[in-house]
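Q: Using the sequences and the accompanying hints, generate a full structural model.
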Amino acid sequence: MAMQYQIIPKAYRDSVALMQLSSALTQMPGIAQASAVMATPNNVELLREAGLDPGTVSAGPNDLLIVVQGEEAALAPALAEAQRRLSSQSAAPASPADEPMIARSIVMALEQGPANLALISTPGEYAAAEALKALNVGLNVMLFSDNVSAADEVMLKRHAQARGLIVMGPDCGTAIINGVPLAFANVVQRGAIGCVAASGTGLQEVTALIDRLGQGISQAIGTGGHDLSVEVGGISMLQGLADLAVAADTEVIVLISKPPAPAIAERILSAARACGKPVVVNFLGADHRALSGGNIHGVRTLEDAARAAVALAQGKAPQVESRPAAQSVPVTLNKTQRYVRGLYSGGTFCFEATLLLQEAFDDVWANTPTGRAHRLEDVWSSRGHTLVDLGDDVFTRGRPHPMIDHRLRNERMVREAEDPELAVILLDVVLGFGSHPDPAAEIVPAIEAARSRAARDGREIAFVGHICGTHGDPQNLQQQTARLSLAGMLLTESNAQAVRLAHRIVAAAKAHR
Amino acid sequence: MELNEPIMTMAHAGTGKPLGPSALSRGVLVGRGPGIVHSVFAQAVNIGFAENRAVVLLDGRRPNVPHGIRIAPHAWAQLHDSVQAGDECTLCDHELCFPGRALRVALGGACVWRLDLAVHSLDWSDARVLMAHAAAQAGLRRYTDSLPRHDLMRARFSRRMTTVLPALELALRTLHAEQAGMHLNALIGLGCGLTPSGDDFIIGCLAGLAVGTRGDTVRAAFARRLAGSLERAGTTLISRQHLSDACHLQFAQPLAELTVAIAGGGCDVGQRLNAALGVGAYSGADGVAGLLFALQARRDQAAPIAVH
Chain A
1 MAMQYQIIPK AYRDSVALMQ LSSALTQMPG IAQASAVMAT PNNVELLREA GLDPGTVSAG
61 PNDLLIVVQG EEAALAPALA EAQRRLSSQS AAPASPADEP MIARSIVMAL EQGPANLALI
121 STPGEYAAAE ALKALNVGLN VMLFSDNVSA ADEVMLKRHA QARGLIVMGP DCGTAIINGV
181 PLAFANVVQR GAIGCVAASG TGLQEVTALI DRLGQGISQA IGTGGHDLSV EVGGISMLQG
241 LADLAVAADT EVIVLISKPP APAIAERILS AARACGKPVV VNFLGADHRA LSGGNIHGVR
301 TLEDAARAAV ALAQGKAPQV ESRPAAQSVP VTLNKTQRYV RGLYSGGTFC FEATLLLQEA
361 FDDVWANTPT GRAHRLEDVW SSRGHTLVDL GDDVFTRGRP HPMIDHRLRN ERMVREAEDP
421 ELAVILLDVV LGFGSHPDPA AEIVPAIEAA RSRAARDGRE IAFVGHICGT HGDPQNLQQQ
481 TARLSLAGML LTESNAQAVR LAHRIVAAAK AHR
Chain B
514 MELNEPIMTM AHAGTGKPLG PSALSRGVLV GRGPGIVHSV FAQAVNIGFA ENRAVVLLDG
574 RRPNVPHGIR IAPHAWAQLH DSVQAGDECT LCDHELCFPG RALRVALGGA CVWRLDLAVH
634 SLDWSDARVL MAHAAAQAGL RRYTDSLPRH DLMRARFSRR MTTVLPALEL ALRTLHAEQA
694 GMHLNALIGL GCGLTPSGDD FIIGCLAGLA VGTRGDTVRA AFARRLAGSL ERAGTTLISR
754 QHLSDACHLQ FAQPLAELTV AIAGGGCDVG QRLNAALGVG AYSGADGVAG LLFALQARRD
814 QAAPIAVH
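Chains A and B are the protein sequences, given in the same order.
Position 168 (the first sequence) corresponds to 168 in our numbering; numbering is contiguous.
Converting from the second sequence to our numbering requires adding 513 to each position, the first position being numbered 1.
Misleading hints may appear alongside valid ones.
Partial pick of chain A residues on the chain B-facing surface, computed with a CB cut under 8 Å [stated by the list, open to error]: (1) E49; (2) A50; (3) F144.
One side of the interface only, derived from the structure: several residues of chain A facing chain B at Cβ under 7 Å [stated by the list, open to error]: (4) L18; (5) Q20; (6) S35; (7) T40; (8) P41; (9) N42; (10) L46; (11) H159; (12) Q161; (13) Q358; (14) P400; (15) D405; (16) P437.
Computed beta-carbon distance windows for the label pairs [said to hold, decoys possible]: (17) A:A441 - B:A590: 49 to 57 Å; (18) B:T675 - A:A2: 25 to 33 Å; (19) B:V632 - A:S105: 19 to 27 Å; (20) A:D287 - B:G728: 50 to 58 Å.
Since the hints were derived computationally from the structure, they do not count as laboratory data.
Quantities reported herein were computed from a predicted structural model and do not represent experimental measurements.
We put the CB at the ideal spot given by N, CA and C, even for glycine.
A: Spelled out as structure tokens, the structure:
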């Protein structure tokens with residue numbers, strides 16, 4: 001094949017123009033390859049690598065080099081065409097003409113267009129001041145920042161309340177407002193169910209399950225974990241509830257939290273009773289039956305909350321108990337293997353698992369214990385049935401949150417595999433915005449490493465978990481599910497089902513001993 | 514990194530009559546004395562000076578670059594329509610004159626835009642920083658997945674990167690300036706366009722290495738040594754100036770602001786990422802790729818580290 005080149009001194013075009021030119025020349029009859037580049041030494045070398053060796057060219061980095069390769073007769077017309085195209089091309093770069101100025105303050109941002117919410121994520125000591133500025137210009141606030149004092153939280157929430165605004169947070173990691181996922185949130189369809197939650201992963205689990213059950217979310221309002229404390233008094237949850245009560249697009253309301261102080265719980269429940277819409281209440285760890293009555297539907301788990309809300313939105317009576325996970329377990333455990341080890345990235349998932357597992361076992365240990373569970377003195381090593389919230393401060397100091405960085409959990413998985421008493425490793429996998437872009441890529445090698453470690457001692461391990469995510473999430477739920485399943489992870493629909501499956505595996509192994 | 518924009522005027526030299534108030538800023542004037550208009554684009558006019566220096570005049574709607582002078586849009590239209598490639602001009606601290614066009618741009622009132630990435634701390638123990646970095650990586654991946662890949666040079670560039678990056682990462686992690694410089698030099702001038710992809714990647718890399726180095730003498734010295742080892746002659750005049758800015762640890766505003774946003778773990782990373790990706794056709798993405806690559810290497814850096 002013949003080759004010819006042309007140098008056009010001091011000719012400049014942007015990369016798109018040059019790529020278009022290369023492409024157009026390559027498509028001409030008789031042309032096999034063509035390239036138009038600035039004649040830098042590295043580009044000339046790269047052309048050689050690509051088989052377009054122009055030989056010794058007397059061109060410099062500021063000259064345009066066009067090389068064409070193909071049938072002899074086609075080369076000259078191709079170079080003529082290149083000249084023609086370059087002459088007719090505008091030298092304008094392909095960039096938007098009216099790119100807006102980047103706002104450097106809340107006021108500047110408002111000048112660029114209307115807004116009704118400010119998402120604030122600054123170090124804690126500055127967060128209250130920024131939130132106050134936002135409230136003063138009429139914006140609702142999502143306060144992602146933590147380390148905001150309780151006094152500041154109360155001040156901000158009252159300030160907002162007086163202006164008909166809401167403060168979500170501090171330490172509010174999840175919200176979906178008017179269909180827009182904020183911070184750690186999943187991509188859900190819009191619908192008639194509104195949620196207010198003092199729990200980030202709790203809100204993610206419920207909204208994601210509602211989406212997968214075919215219903216949608218009107219609003220998902222986070223309140224921050226301290227909102228239902230005695231000091232704060234549930235100001236944001238009450239406001240969120242009031243907003244959803246009058247919102248025309250909300251038919252069913254879901255409230256999610258750890259159990260509030262009794263006086264605060266009563267205040268919330270009173271408001272819920274008076275709101276005129278069915279309200280599903282999941283105060284994790286509270287007696288859900290005692291909560292129920294009238295329009296209030298108390299539920300025990302996050303999954304139950306989602307299922308009850310979906311049933312109510314469909315005009316049906318809610319089923320308040322999750323369906324058990326029916327799944328065969330292709331794992332053989334030996335007689336020493338009897339413990340579950342839960343390694344969680346979501347704090348609420350760990351909390352829920354601790355509640356559920358202690359219904360079946362006595363020796364449940366956790367770094368964030370609740371109910372009858374024991375506090376793990378050394379959080380770095382497990383004993384009995386252990387559930388660890390790896391998002392707790394002690395683990396994230398000097399490290400990223402485990403929803404983003406799986407290394408700590410992966411290392412722990414392999415360490416757990418050394419324990420001859422280990423039967424089940426229990427995991428959560430959180431998808432959505434903010435989370436790791438490809439969790440399966442991180443988890444699968446760790447599963448394989450843990451499995452091979454156990455195999456050295458002639459043991460197998462059951463890996464059980466659930467994916468908190470939707471088909472709209474950027475990580476591709478279907479692919480994540482397929483890859484984790486292929487790696488032998490037993491996946492259930494919800495965290496509650498995963499815990500129950502882990503229990504069944506251990507119970508079945510015990511029955512065979 | 515405040516951007517104050519004082520009033521500035523642009524005036525015809527003949528009459529001295531101002532064309533109108535112009536909100537302007539400028540970077541460091543790297544060129545001085547007589548210059549030649551190198552190229553005229555819709556939103557940028559490049560001017561070449563002695564010793565391969567370049568200054569770029571920018572439509573005020575564009576963000577700052579270290580060797581740039583931003584001119585308010587209404588005055589920009591007049592300037593843009595007046596000058597042509599090959600025009601002579603002279604630049605001093607106070608004004609830029611185009612004698613052949615009877616045009617001068619007064620610079621005395623312009624705010625000097627300069628930034629220092631070193632003072633913005635980078636604390637990998639802060640989960641928000643890691644989140645911001647991961648979010649930017651995910652955003653870049655989504656963006657690059659959407660770009661066309663059929664171009665021969667682009668494909669070759671990608672292939673070259675796959676061979677260079679592992680060794681470069683090791684050199685960055687171990688703070689081996691000589692090795693890192695060698696690998697980066699293999700990328701200079703590589704790729705299409707006015708600012709070849711390799712150069713954009715290097716600039717991003719240097720931003721990632723510069724941030725948060727105040728008080729960290731080892732990393733600061735490494736970034737300086739690496740910058741000093743780059744052979745800038747092997748690329749276009751325009752790109753050479755960008756590289757030169759980067760070697761002085763000065764970067765274009767979108768890239769710098771993304772770097773600061775990641776280092777600060779701010780929730781504005783998405784916005785900053787979009788702004789940085791929006792520069793040129795591929796330049797933004799290549800620069801961001803370099804930045805995130807260098808940050809990843811710093812994140813994974815093993816300690817203690819031998820300095821070469």
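Q: Each hint should be assessed against the structure and marked as holding or not.
A: Here is how each hint holds up against the structure:
1. Proximity of E49 (chain A) to chain B holds as hinted, the smallest CB-CB distance being about 6 Å (cut-off 8 Å).
2. The interface hint given for A50 (chain A) is met, as the beta carbon of that residue sits about 5 Å from the closest beta carbon of chain B, less than 8 Å.
3. Using the Cβ-Cβ criterion of 8 Å, the hint placing F144 (chain A) at the interface with chain B is satisfied: the shortest such distance is roughly 6 Å.
4. The beta carbon of L18 (chain A) comes within 5 Å of a beta carbon in chain B, closer than 7 Å, and the hint placing it at the interface holds.
5. Using the Cβ-Cβ criterion of 7 Å, the hint placing Q20 (chain A) at the interface with chain B is not satisfied: the shortest such distance is roughly 9 Å.
6. Satisfaction of the interface hint for S35 (chain A) is found here, the shortest Cβ-Cβ separation to chain B being roughly 5 Å, below the 7 Å cut-off.
7. The interface hint given for T40 (chain A) holds, since its Cβ lies 3 Å from the closest Cβ of chain B, which is under the 7 Å cut-off.
8. This hint holds: P41 (chain A) has a C-beta 5 Å from the nearest C-beta of chain B, less than the 7 Å allowed.
9. Because the smallest distance between the Cβ of N42 (chain A) and any Cβ of chain B comes to about 4 Å, under 7 Å, the interface hint for this residue holds.
10. Evaluation of the L46 (chain A) hint against chain B yields a held restraint, the C-beta minimum of about 5 Å falling below 7 Å.
11. Hint status for H159 (chain A) relative to chain B: violated, with the closest Cβ pair at about 21 Å, above 7 Å.
12. The interface hint given for Q161 (chain A) is broken, as the beta carbon of that residue sits about 24 Å from the closest beta carbon of chain B, more than 7 Å.
13. At a threshold of 7 Å, the smallest CB-CB gap from Q358 (chain A) to chain B is about 29 Å, leaving the interface hint violated.
14. For P400 (chain A), the shortest C-beta to C-beta distance to chain B is roughly 3 Å, which falls under 7 Å, so the interface hint holds.
15. For D405 (chain A), the shortest C-beta to C-beta distance to chain B is roughly 6 Å, which falls under 7 Å, so the interface hint holds.
16. Proximity of P437 (chain A) to chain B holds as hinted, the smallest CB-CB distance being about 4 Å (cut-off 7 Å).
17. Checking the proposed 49 to 57 Å range against A441 (chain A) and A590 (chain B) shows it holds: the Cβ atoms sit about 50 Å from each other.
18. Remark: the range hint 25 to 33 Å for T675 (chain B) to A2 (chain A) is upheld by a beta-carbon distance near 31 Å.
19. As the Cβ distance of V632 (chain B) to S105 (chain A) is approximately 20 Å, the hint placing it in 19 to 27 Å holds.
20. One distance hint, 50 to 58 Å for the beta-carbon pair D287 (chain A) and G728 (chain B), holds here, with the actual separation near 55 Å.
In this structure, the earlier hints numbered 5, 11, 12 and 13 are contradicted, and the remaining ones agree with it.
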